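Single-letter residue listing:
2 protein chains.
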Amino acid sequence: MQKSAIIIGAGLVGSLWAVFLSKAGYKVNIYERRPDIRKAEISAGKSINLAMSMRGWTALETVGVDEEIRQISIAMSGRIMHDLDGKQNYQPYGKEGQAIYSVSRGGLNAKMMDIAEQRGGATIHYHHKCIDVELEKGRAHFENTETGEKISAQADVIFATDGAFSAARYNAFQKLDRFNYSQNYIEDGYRELLLPANADGSYKLDKNALHIWPRGRFMLIALANEDGSFTCTLFMPFDGEVSFNALKTDSDIQNFFKKTFPDFYDICPNLLQTWHSNPLSSLAIVRCFPWTHGKVALMGDAAHATVPFYGQGMNAGFEDCSVMYDLMKKHNENWPAVFKEYETLRKPDGDAVQDLSVQNYFVMRDFVADPRFLLQKKIEGRFSSLHPDKWTPLYTQVSFTNTRYSVALATGNRQDEIMRKVMDRPDIEQVWDSKEVEDAILKLVSEK
Amino acid sequence: MQKSAIIIGAGLVGSLWAVFLSKAGYKVNIYERRPDIRKAEISAGKSINLAMSMRGWTALETVGVDEEIRQISIAMSGRIMHDLDGKQNYQPYGKEGQAIYSVSRGGLNAKMMDIAEQRGGATIHYHHKCIDVELEKGRAHFENTETGEKISAQADVIFATDGAFSAARYNAFQKLDRFNYSQNYIEDGYRELLLPANADGSYKLDKNALHIWPRGRFMLIALANEDGSFTCTLFMPFDGEVSFNALKTDSDIQNFFKKTFPDFYDICPNLLQTWHSNPLSSLAIVRCFPWTHGKVALMGDAAHATVPFYGQGMNAGFEDCSVMYDLMKKHNENWPAVFKEYETLRKPDGDAVQDLSVQNYFVMRDFVADPRFLLQKKIEGRFSSLHPDKWTPLYTQVSFTNTRYSVALATGNRQDEIMRKVMDRPDIEQVWDSKEVEDAILKLVSEK
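As you go down the protein sequences, you meet chains A and B in turn.
Here my numbering is used: the first residue of the first sequence is 1, the next is one more, and so on.
Here my numbering is used: the first residue of the second sequence is 1, the next is one more, and so on.
Bound-form chain A, shown alone (with noise of 0.2 Å):
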């Protein structure tokens, strides 16, 4: 008899991880609570659009289906800062050649299903929304949401793929005794924008970096999209001076935006328009532990959600595949043991790319327009490229690299550390490029 998996939820890494067991030999069916999003209107507005790195690319690589993927996605090489002067000031994110690519959920979603489907030969069923999951069993259960019929399915292995709010784990894992489980909002919520291309089709900023407009307390920023518009996202505190709950009227929200992201407010004409047409909405990180009980694992956000602002959400989903996947063949398909071990060793990996994206948050809304962060990046940059055995900036391990994330979270506190130390130098910012500071660094280096 095939062996058989179910899966709940046919978003990314749901999509992704058919592909992966239909490789392996399994007859897989999804079950998707919403409509086929190919055949629906496509939902903008709570997206925030993708930027997929060295670890997304790895596992799709592994299933064969990144070209496919590299042709619906730009390259953003780089972070381009606008000033309240519209000011614009390049920074790239690594090396000659490494980049992050930016691509709409909704298309790559599409996509992934397609490929599902198609090389996979997954059946996705729609319209099933889970209602409940027995464990021990492998045996999962769903009401249709447009006839009401509840039906019920059963497989050798479940996975969870159902998100940050997944009902598999609401409805079954936390209900178990000792689950532990939190889901923690941030003070800040995002309402995406629409800069639309040009009348000619082409676009209104550089298409190849990731825009920020970095005020400190708050943010905008921009990935561009295939069409020549950009998806835009203002992150910014629900409540308090400067907040959502502050902008009341039509005018509050112009005057702002033209005070505080002037050369944005001037290519935005469609402001107004694009700000009502879509919803504020909130973000959370939710932990969790265990992962897998019985026949059944949480995967990607279902386990570890995060926040964007490492744009490592996908990553570490897909990443999530990888390390199930190559367990899955260490443990010869014995399936008690995958999920032992990928529950164990994954779990710290969940932790600190949660970790890694709030710390970003402060890095990307305020860090990237201090002098004084920017002298020290340039330092490790020079200290890198001159020692690259020695020093791998934190940015790179996690985006261009397949480092463990707990182990770049580590090794990136440990950096700062030894920053903080070079960087207390009364004199630094005249010899920031000096043998001295390079020896000094060695020195710290050495020692741990």
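Heads up, a few of these hints could be off.
Put simply, identical chains are the same to the list, so a pair is met inside one copy or across any two.
[Unchecked claim] Only pairs whose alpha carbons sit at most 27 Å apart, straight line, appear in this in silico DSS-like list of lysine-lysine:
hint, residue 1, residue 2
1, K27, K340
2, K248, K340
3, K175, K347
Simulated from the structure, these hints should not be mistaken for laboratory data.
Every value quoted in this text rests on a predicted model; they were computed, and no experiment measured them.
We have chain A; now place chain B onto it with these hints.
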């Protein structure tokens, strides 16, 4: 029309709060998932005997039911530690006349239900499982677990007092956007044991103390019941070298007790029988916020469930009633204003009682057997009796005053800092009761 309230959960806090609301002129309907515990057999095994202290008594006095409860409680004026040789060592909890009171959860709950019905005029509906709450409308939905019938009820205001795993919180609050929530299980579980009375009905241990067998990483405690027996509880890790899961056979259990709690083993002939008749249970801390939404408020464990090591879970819940009642009067029953101040004012105290409870586990299972800790407590006790206006020991603040938990915690931390400096003197064991040490503490206290 008479003012109306719904209470979800007829536990200790729910039935006490019904008396408060009745006093304020509300018609109260209580919906309880379980059958009437006064008619069913009182279920032991998951109770952990309760220790009523000042905050509990204060709430009971407000509605004039303290005398009835005193009649079913047993004063415990201190701890008796049992060492490995069976030697006993007494530590008073406070000053002469200060005590906490052992009371059985089942007995207390039955009594509170009687009072709510007879004195409060409340109606208790049993077998009603809460399946949903419309928070803004003040409408709650229940399923009768005997008949399957679904019923709805509406009132001016609703209180969820349905415990750590509150169905009202789970089905309604936990689905709200931006609701912060965490449930964290500690590594330890507990199992209750019943130490019976002597044949003549007398107690096998001093009934006016809380007995502790502190063993570092785990502990056994015993609290007296009215009938001559003691309810004992073993707290221990689930897993590891010394753990519940390491005790696999009856002889493992007997050997463990013989070696670890020899004096207890000698007086507990029914060890195996009582061991097997009680379940192994887990312990969690549940935090959430906000505690109110629309017409509904969470109180007691539903808002801030804690571990039992300070004996404050029930006391904190009863104090919620005092706080809510004071705010009802302050805001003239303007419920939106009451709810806003209730959650803002009380949340730091909910967090603090949880932190205090975790801290006190270390005190009970470990420090109470540490000569340095005992010396520190002697020095604090001496200083406090010489300068009662300058030093109230933490245990006294928590158990014998109505000082806010958050203030007690902060004061306790400050006292710990001071005592660390005092205990650092190499000759402290010789000079602990000297004027010099007293003056040193006076100076440290005045520094901030």
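Alpha-carbon proximity context of K175 and K347, limit 27 Å
Result: close both inside a copy and across copies, 20 Å intra and 25 Å inter.
Up to 27 Å between alpha-carbons, please classify K27 paired with K340: within, between, both or neither.
Answer is within: at 23 Å inside a copy they meet the 27 Å cutoff, but 53 Å across does not.
How would you label the pair K248, K340 (within, between, both, or neither) given a Cα cut-off of 27 Å?
Cα proximity of K248 and K340: across copies only (23 Å, versus 51 Å in one copy).
In summary, the structure agrees with every hint in the numbered list given earlier.
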